[in-house]
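> Below, each chain spelled out in residue letters.
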Amino acid sequence: MLDFFLRTREAQRALVEARARLYRVAYAWCRSPALADDLVQETLTKALKNSAQLRDPKARDAWLFTILANCYRDYFRRLRDMDDIDDVEISHESTPESESSSAQIVVLVRATVARLSVGQRQVVTLVDLEGFSYGEVAKILDVPIGTVMSRLCRARNAMKALLLPEFQKNPAMVRDIRRIK
Amino acid sequence: MNNKEQHFSDEFLNAFVDDQLATEEKGRVYLEIGRDETLNRQVCELRRLHDLVQLAYREPPAPPARATSGLTSRHARLRFGVAASVLLTFGIVLGSQIRMPAPAPAPSLTAVPASATQKVANTAPPAKSAAKVEIANPVVARNEIPDNTTSKVLIHLARDDADQLSQALDDIESLLEHYRETRQSARVEVVVNGKGLELVRTDTSAFAGRIQRLLRNYGNLTFAACQNTIDRLAREQGVSVRLLPGVITIDSGMAEITRRQNQGWTYLQV
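First to last, the protein sequences are chains C and Y. At the far end of the first sequence sits residue 180, using numbering that gives the first Met the number 0, and the numbering has no gaps. At the far end of the second sequence sits residue 269, using numbering that gives the first Met the number 0, and the numbering has no gaps.
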């Protein structure tokens, strides 16, 4: 009986932790707090509904992020049916202007990530934020592992090309990065 | 990529930075990094990009307030149920006076075997007389979930006392051996700066052979030298530092320590 209570508490703690992590990645993908929250909500609803599918608890994280990736894909599929894809940007709340009071570097890096293609953005965030292996990312996004590697490589090359000139223009920012790190 | 000695593809270097390579391949890159300055810079840039992405999303904006939905009410009921269960459990335990076992500490904080000479210390400065390894408070960033499968230990060497260094290398070896014997996945990074740099310089190191042997035997061990210290030696003393093969450079020792602590690494100072 005690085991059951402890398991329940553990499950809730895991859910709360997973929620924050799913939200962070969803926000990096769609750049809108409201949309990211909706995606996480939908992800957790589906996860609770289909929890019986999860055989191996160790694979829970990858499973949750697979659901999130599917929700994100479905969202854009629905959106294409209804709206012009160009309108999507307008609904994003987090723009450099609205975050002018935030740290310059954070704004700059987020803006750079936002300029990547969706596929590249997903790979970079799953690897850098969540520390998934390339194999896990390939499963989550349902693409070959070679695609993960080439997307990641192109994404980082693009980020280097976009960020380094900014740092050269503003050397004080480099000092700030060192201080922050 | 235009360097003649460069023969690693961009994909391969990314895989190296993301720790996706086999031990043997990683060792090959480490050896090459020690010889090739361009390659070293490329790896540093990739690591910096990785860190910048983490920094940028450490604190995403809070989601807007949401009206109670089906899920949240279920969530609230679950929370209520768990709270009630905890209370009930507490009552049962009190009633029967049974002592519950303490919950196990988080795996990332048990990275170091109890046998090592350590003490939790975030107050007193390191003792000079003995090569005690002291654990400063390991810091875990708020939104970062520690990797439960890998113990990550950063060891900081900033002194050149031969006895202390010898003792520290003993400790490092026994730590790595402990992880190997217990089949635990672990990463150990030794950051050297200040006077500690002498340990990894070809012209001053009293332990060159031993460090080479450690790097050969343990693929999960890294020696990282502070570029700021190297630059300072060149500027102030005109010393052109040559590092032992396999030792990598990092932009700043202090920055690396802070960065690793933010990533949930356990920090040990010698």
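Among the hints, erroneous ones may be present.
With a straight-line cut-off of 20 Å between C-alpha atoms, the simulated SDA-like cross-links for lysine to any residue are [stated by the list, open to error]:
1. 25/Y to 157/Y
2. 138/C to 128/C
3. 151/Y to 26/Y
4. 159/C to 172/Y
5. 48/C to 32/C
6. 151/Y to 159/C
7. 25/Y to 132/C
8. 151/Y to 152/C
9. 25/Y to 54/Y
10. 25/Y to 223/Y
11. 159/C to 219/Y
12. 159/C to 157/Y
13. 138/C to 156/C
14. 151/Y to 173/Y
15. 159/C to 36/Y
16. 159/C to 25/Y
17. 138/C to 17/Y
18. 138/C to 40/Y
19. 25/Y to 152/C
20. 151/Y to 168/Y
21. 138/C to 62/C
22. 194/Y to 219/Y
23. 159/C to 9/Y
Worth flagging that the hints you see were computed from the coordinates, not collected in a lab.
> Decide, hint by hint, whether the structure agrees.
To see whether the hints hold, each was checked on the structure:
1. Using a Cα cut-off of 20 Å, the hinted pair residue 25/Y and residue 157/Y is violated, with the two alpha carbons roughly 26 Å apart.
2. Our distance criterion of 20 Å between C-alpha atoms is met by residue 138/C and residue 128/C, whose separation comes to about 17 Å.
3. Among the hinted pairs, residue 151/Y with residue 26/Y is consistent with the structure: their alpha-carbon atoms are about 18 Å apart, no more than 20 Å.
4. Restraint check: the Cα-Cα separation between residue 159/C and residue 172/Y comes to about 37 Å, which exceeds 20 Å; the hinted pair is violated.
5. For the given pair, residue 48/C sits about 24 Å from residue 32/C by alpha-carbon distance, which is inconsistent with the 20 Å threshold.
6. Taken as a hint, the residue 151/Y and residue 159/C pair is broken in the structure, with Cα atoms around 28 Å apart against an allowance of 20 Å.
7. Only pairs whose Cα atoms come within 20 Å are accepted, and residue 25/Y paired with residue 132/C is accepted, the gap being roughly 16 Å.
8. For the given pair, residue 151/Y sits about 26 Å from residue 152/C by alpha-carbon distance, which is inconsistent with the 20 Å threshold.
9. At roughly 26 Å between alpha-carbon atoms, residue 25/Y and residue 54/Y are farther apart than 20 Å, so this suggested pair is violated.
10. Using a Cα cut-off of 20 Å, the hinted pair residue 25/Y and residue 223/Y holds, with the two alpha carbons roughly 15 Å apart.
11. Our distance criterion of 20 Å between C-alpha atoms is broken by residue 159/C and residue 219/Y, whose separation comes to about 28 Å.
12. At roughly 32 Å between alpha-carbon atoms, residue 159/C and residue 157/Y are farther apart than 20 Å, so this suggested pair is violated.
13. Distance restraint check for residue 138/C and residue 156/C: the Cα-Cα separation of roughly 24 Å exceeds the 20 Å cut-off, and the hinted pair is therefore not satisfied.
14. With a CA separation close to 15 Å, the supplied pair residue 151/Y and residue 173/Y stays within the 20 Å bound.
15. Among the hinted pairs, residue 159/C with residue 36/Y is consistent with the structure: their alpha-carbon atoms are about 18 Å apart, no more than 20 Å.
16. Distance hint between residue 159/C and residue 25/Y is unfulfilled; the C-alpha atoms sit about 23 Å from each other, more than 20 Å.
17. Of the pairs offered as hints, the one joining residue 138/C and residue 17/Y holds, with about 17 Å between alpha carbons and a cut-off of 20 Å not exceeded.
18. Between residue 138/C and residue 40/Y, the direct Cα distance comes to roughly 32 Å. Violation of the 20 Å bound is thereby established for this hinted pair.
19. A hinted pair counts as satisfied when its Cα atoms are at most 20 Å apart, and residue 25/Y with residue 152/C qualifies at roughly 18 Å.
20. Using a Cα cut-off of 20 Å, the hinted pair residue 151/Y and residue 168/Y holds, with the two alpha carbons roughly 17 Å apart.
21. A C-alpha spacing of about 9 Å is found between residue 138/C and residue 62/C, which places the hinted pair at or below 20 Å, so the restraint holds.
22. Note on residue 194/Y and residue 219/Y: the hinted pairing is violated, with a Cα-Cα distance of about 25 Å set against a maximum of 20 Å.
23. Among the hinted pairs, residue 159/C with residue 9/Y is consistent with the structure: their alpha-carbon atoms are about 13 Å apart, no more than 20 Å.
Violated hints, in rising order: 1, 4, 5, 6, 8, 9, 11, 12, 13, 16, 18 and 22; the structure is consistent with all others.
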